[in-house]
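Here the protein sequences come in this chain order: A and B. Going by the numbering used here, the first residue of the first sequence is number 485, and it counts up by one from there. Going by the numbering used here, the first residue of the second sequence is number 179, and it counts up by one from there.
Some hints could be false.
As the list claims (entries may be wrong) - Not everything, but these chain B residues come out facing chain A in the computed CB check (under 8 angstroms):
1) Thr180
2) Pro181
3) Ser296
4) Asp300
5) Ala302
6) Gly303
7) Val318
8) Gly319
9) Gly320
10) Ala472
11) Ser476
Said to hold, decoys possible - 20 angstroms max Cα-Cα, derived EDC-like pairs, lysine to aspartate or glutamate:
12) A:Lys1248 <-> B:Glu313
13) A:Lys1056 <-> A:Glu1013
14) A:Lys1185 <-> A:Asp665
15) A:Lys1185 <-> A:Glu519
16) A:Lys699 <-> A:Glu685
17) A:Lys1157 <-> A:Glu519
18) A:Lys1081 <-> A:Glu519
19) A:Lys1259 <-> B:Asp488
20) A:Lys1185 <-> B:Glu313
21) A:Lys611 <-> A:Asp749
22) A:Lys1185 <-> B:Asp488
23) B:Lys196 <-> B:Glu220
As the list claims (entries may be wrong) - Here are a few chain A residues that sit away from chain B, every Cβ distance over 10 angstroms (derived from the structure):
24) Leu556
25) Pro586
26) Ser608
27) Ala609
28) Ala713
29) His1088
30) Gly1137
31) Glu1138
32) Asn1190
33) Pro1199
Don't read these hints as lab results, they were simulated from the structure. Built from N, CA and C at the ideal position, the CB exists for glycine as well.
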Amino acid sequence: MSIASDAKQALQGAVQGVMAKAVALAPDSWIPGGEPDPLIRERYGHIGKPLSRIDGPLKVAGRATFAAEFPLEDMVYASLVFSTIAKGRIAAMDTSHAETAPGVVAVMDHRNAPRLAPPPVFMSAPKAANGDNLPIMQESEVNWNGEPVAVVLAETQEQADHAASLVRVTFEAAPALTSLDEAREQGTKPALFMGQPLHDERGDAEAALAAAEVKVDALYTTPRHNHNAIELHGVTVAWQGDVLRIHDASQLVAHTAWSIGQMFDMPEDKVIVTSPFVGGGFGGKCLWQHQVLAALAAKLCSRPVRLVLSREGVYRVVGGRSPTEQRVALGADREGHLKALVHTGVTVKTASNAMPEPFILPTRSAYASETLKLDVQVVELDMLANTFMRAPGESVGTFALESAMDELAEALNIDPVELRIRNEPEKDPSSGLPFSSRHIVEAWRTGAARFGWDRRDPRPGLRREGEWLVGMGCATGTYPYYRMGGGAARITLMQDGQAVVDIAAHEMGMGTATAQTQVAAERLGLPIEAVRFNYGDSTLPGVVLAGGSQQTAAIGASVGAAHRELVKQLLKLAGNDSPLAGLKPDDVISRDQGLCKADETARHESYASILSRAQQPSVSVEAEGPPPLETMHWSMHSHAAMFCEVRVNTVTGEPRVSRFLGSFDCGRILNPKTATSQFRGGIIMGLGLALMEEAQFDERKGRVMNPSLSEYHVPVHMDVPEIDVIWTDIPDPHAPMGARGIGEIGITGTAAAVANAVYNATGKRVRDLPLTLDKLL
Amino acid sequence: MTPFRYMRATDAASAVLKGGAAGARYLGGGTNLVDLMRENIETPESLVDVTGLPGGIDELPGGGLRIGAAVRNTALAEHRAVRLRYPMLARAILAGASGQIRNMATVGGNILQRTRCSYFYDEAGSRCNKRHPGEGCDAVGGFNRNHAILGASSACVAVHPSDMCVALAALDAVVHLRGNGGERRLAFTALHRLPGELPDVDTMLQPGELITAVEIPPMPFAARSTYRKVRDRSSYAFALVSVAAALDVEGGQVRDVRIALGGVAHKPWRAERAEALLRGGPLSATSFAAAAEAELASAQALSGNGFKIDLARRTLVAVLEDLSGEIA
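Just chain A, same shape as in the assembly (with noise of 0.2 angstroms):
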């Protein structure tokens, strides 16, 4: 980023500073769930039943339509070319052959591409959506390895695929900068994240340190990653008229839509961004080149343009995660009480994004030290841009932070778990914010029971099976209960009962469609066949991004506020002729396809009969969510303690994870069934992170060398045992339904969880992911 973009970002940053302060020393009654959501006491309704995924029985028959499977009439197909330097430039292009090749309708590169204005990077606006602010195919200059430097298009895909390899580009190479310790050699600069610097310091957490009774000190890294969603990325685009109409696989399809609006200098209406289904997302599925590519393509040859990318062209074109070296450093007395917390590192950024990966969040809310000191520097290398994947900051900061702790355990000759339970704070150590709800030592305590805790020796290396020493690790998972600003929905009510919900949400796989559908059905008083829900087409209400697992409470507000209109709406339809009569909005609840006083259930009148007499076929209101203040006023997380038995082999050290247990607190789960996957899911990721993921980037070249499924080890099933999963199922009040999203905690704690039983099987402390086994030998 530029300086002036950084200082934009510190004046936003030190004006929310002062803002939070006030919102902090509100009243209760002034702030979003200050009151209580309704729906936290309801509980015998559809909230909390297994219900299975509404989207399924689709699936399973094939008929749900994927972004690259809308048929459009006289569409091309594209196939992409990409850079093979890091830095330099285009210095000669021959299309010839290309242009020649059988089927081929173009070839697009920067000499000929339609103009755009440059790409509004995420978080540089509020619906600012790209993963860099870099020109697209504008320009004969290359920024990264991979970067796209022409598209061919053809009338099959096999034909546009075939053309591309005749495309010759010859490269003229500049100086870049690719290496992580050649950068910090040359420095490193405080990282902004959202506007706040990764720093945070409360007490001379040195000078503890160097004072504790006991300390363990140690440096903790983790690779490179990359983005696996089984679906590759694909769009389907086409111009109608004044209309850009884009069938994308996406997480956020209103910022899509303003962001390509400000790149084509179109208002963002005209553009149409629709994602029905998504087969997986992780922070990997937002606004990258390829559907600005497929834009300008189709602009280029008047037609439609289909883009997919291939499992290389994901790797080349889409972001993942940056590597970390992190120091954590804690200091505590013979009693295990921390005086000093320290959790400092650096990470790796480009110049052109706003995203370093913020491995300190996690240790700004998790124990108790008398001092304190994060910090994260980032350098900038020439690179693809890194983004968000599969709970950034968390996954790899509780790796480094809960290997130390269970570093900290041995040391002192106290169980992790007491530990950890000792060290439970009051209040939020950073920001000294109460706690919304924290039920992190009832998890602990169910967890270690139902796994068998009291089993484990904590003598390392003892227990053997055989060939395999076999070991149990522990590790607090947690993740924060986010809501962003802009949520909105509309409830559309008909007089025969039937109520539709539009929000321009987005259904990944998580279940999202199905939990929401449940929450609508309950707020609304209908049976769940009653409530349609409808979500991912930027043309519906709110501003909702899939991330940071906040579409439950983003939703979940967007739609409270919107029924809150609704209930306003109808005692005005309902008039005097109805038992609801003098009744004020504050009074009325629906139940039974209707509203009924509060605490009077027998003053009802159903819908049907309010909109019959009124002589309404239908009611339809729109509202949106309040601020999201909540989180400035308590201190919001979940939480999870992760146990984990693993056995590695004497002879060849190959580690296998036989056993899981992950025990939640993550307030009041809405769909148990859809929740279980949601978990087990995150912790299927947290293996990965622990003991195969890597994406191998050789710093000579700025290049990923292993851009697929066979060569960058995702589990597979033989990997993953038996997933218990528990939870404690406490409402948060403070939250909509008393639910906090639950889509990432699992990953977190889980690598942690099975690097410290890997230490407890062998005595060894493996400190770098992954956890492979030549580590082990």
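Guided by the hints, dock chain B onto chain A, whose structure is given.
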């Protein structure tokens, strides 16, 4: 992928006629060749599909087997005689790839699959002497964790990826070949070559020569044999190191032994030194360790694969201990 002609052969003679043409390649299950064509690493002008050629799994007098080159990997691994007489072969096949791939892959295709070196696969962005002789090797100074520790050259440090071939190398298999010049037989261990200065040449096959069958001689003691594969995940990963071994024991002495290593060299590595040391010697942990030591004595580590030398030794010793335990 570059456009190509597709032809189907129904007998070996016509296959060889078609396959002898310039730019022709034989197609088995296509689980490797088609991938390489998609990556523009292989650009044949024509493919001669040989999956329809006759030849199943036939019993030979004396107890050996003759396996048609078009037999699918799954069929071979599941064959009763293979499981009973050569369990190392069944285990090796089942340790490779995935069920779907094994259902497609043929014996001939498995033998001729090419290295998975990521620099070999990166046609657009990396140098590779196997793809373009003389341009240099980016693997030597790059990611070479999976690469060779035995028999490599300065031109190429790639490894052969097959599991099945490791067992065939240990079992004294013989390949049946047919070319325009007629038929010949070649010891399996002489089929693949070390890279030397010609890393683009994987095998000793003549241009247009077709593998028609693999013959495994009778080896009664191979009924007690095994295959152990060490890898970074439990399935669907290439071997870091693998060992195929059979042990014949009488009166506390090693009467005979067969050992081959996978994941360590440009070809399936028959461990002749270890075998020679063990043969006729005592059945003991010391002799196993000495044999492993001798076999790996010439091993050389690259920047990222030093651990494989120790891993190969340890795995070999453990396999021999396992087999001797089974016998005792």
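TODO: Would you pick out the hints that fail for this structure and give their numbers low to high?
DONE: 7, 10, 11, 12, 13, 15, 17, 22, 25, 30, 31, 32, 33
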